[in-house]
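Trainee: Each chain, written out:
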Amino acid sequence: MFGLCVLAFFVFLAVFADVLVDYDRVIEQNSADRLQPPSAAHWFGTDGYGRDVFSRIIYGTRVSLLIGLTSVAAAMLIGGVLGAVAGYYGGVIDSVIMRTLDSIMCIPPVLLALAIVASLGPGMRNLLIAITVSTVPGFTRIVRSAVLQVVGEEFIEAARACGASDATIICRHIIPNCMGPIIVSATMQVGMQIINAASLSFLGMGVQPPSPEWGSMLAESREFMRRLPLLVFVPGCTITLVALCLNLLGDGLRDALDPRLR
Amino acid sequence: METVLEVENLYVEYRTEEELVRAVNGISFEVLKGENLGLVGETGAGKTTTALTIMGLLPPEVSVVRQGRVLFKHVDLITQSESYLRSVRGNGIGMVFSDPMTSLNPVLTVGEQIAEVLHLHYQEMSSEDVEDRVNEILSLVGIPPQRKNEYPHQFSGGMRQRVVIAMAIVCNPELLIADEPTTALDVTIQAQILDMIEELRRKMSMSMILISHDLGVIAETCEKVAVMYAGEIVEYGSVEHIYESDVHHPYTSGLFGSIPDITKETRRLNPIPGMMPDPTNLPSGCKFHPRCPECIEICRKVAPETVDIDGHQISCHLFAEV
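Going down the list, the protein sequences come from chains A and B.
Going by the working numbering, the first sequence opens with residue 6, and the numbers climb by one from there.
Going by the working numbering, the second sequence opens with residue 38, and the numbers climb by one from there.
Sample of chain B residues at the chain A side, in silico, Cβ under 10 Å: (1) I130; (2) V133; (3) S135; (4) N142; (5) Q150; (6) V154; (7) H158; (8) P189; (9) A205.
Have a look at the derived ranges for each label pair, beta carbon to beta carbon: (10) B:V339 / A:V86: 53 to 59 Å; (11) A:D107 / B:S118: 34 to 40 Å; (12) A:I188 / B:Q191: 19 to 25 Å.
Worth flagging that the hints you see were computed from the coordinates, not collected in a lab.
All residues carry an ideal CB built from backbone N, CA and C; glycine is no exception.
Build out the structure end to end from the sequences listed, making use of the hints.
Mentor: Structure, rendered in structure tokens:
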């Protein structure tokens, strides 16, 4: 519940970022105001370019949540289709899909994402592609295992005996019965994706300045860590808080959706 | 009378890497329009395999129809394409599974599940017509139509079986295959469900194949009975032939002998000695000979011919000279 409330707050920030702060304050550089401690004008102080950290965090919410949700949605779609097909048909199709994904899984995800961004060039779109590709294998496995559990059920046989085609069976009978584990892992994955995106941005491969993103804010404020630790502390804590809340939400959803725990 | 289903000399095998399971070994029977055929036999006699073969629902990786034809309205289903079979399933032939607890999808309402069958076979049907038909079929199986928006877990076992039957007959199939429809239900509900199936069958002039290991259930509902043993039909005839005649295949006699008599005190049941033969290693000659109390020399070597006594067919050497 705590997770849900805090997340609702962050979603609110992301949606109404325009109303809450002026985008000019986010990118406006002001060398006279560099590295200010917190004050009434700048609640979280200012960064090395004199930009208001509070405004940047709020706009960063929009960027980070967008990255998290889009990449998970894309990974869910691709992984969902692959996992459902692999689990339903089994045999050779299953082996081909799963072994290909296993080989992708062998590469550490951050390294894979780095390689993709490095070859495509940095930027928001390529960052999304990179972190999506590196999470598809995990998703496919989860969906496949959920499908395998449902596929042996008698109501699938019954649906076939009523004349349903494979596509109907997968879409109408299998996927709805697998939604529990899929939703739970997707929720948790959003948090992971935000962290992944932040790490890539931290490494300079993600969102490009002056767009505010929590990871790149961390990276930019690294050199001022000793003079103004708050600069590192604020984006770091925000990332941690959002990721924690998403995990709590995922746990809560699992408890709510898993009939065995009820 | 018109023949709805004709099974001719059907052989079905399951092949795995280690072994070959001969599940159905040359069975033939036919079902006339409006007729009710009972298939009886022990577990593993090939009853369900027969049903799945008719539906074309055998697991494709391991099963092979080695020989034989399944003619539904004079079309051989064995050779037809998957899309043709799909149009027959649910529409021409309906199937009721044994366990109503698992044969309904838990995340769809019962109304949606019945409507789905209609959508599959009548794409052009308007949603109002589908709605009307769902209401009609629900009241036909004895469920108040206003319960159609409830989920399967809100129904009891007997009510769920009614829903399963509604799904199977909503498209007015010519043939209904009921694979042990009452095994998972308690005895009072069993009687209700059987009465209902029988009433619906008459009303809709459907043919039916009732699969059961319960001789009582078969006696009550069927007109023709086929007794299966180790993938073969050992005895076939009208319900009077099977239940009232004195001539029987020794296996059928054994089955009746194992039912306790209600008028006598019985301390122990009289089972048929031995076990169903291993379908990967069937005995030579008559498949029942290792358990048969009347086994003679020829039974061990030669498979018996089917003897026809006024439509009462028995596959046993004992009747060869009759």
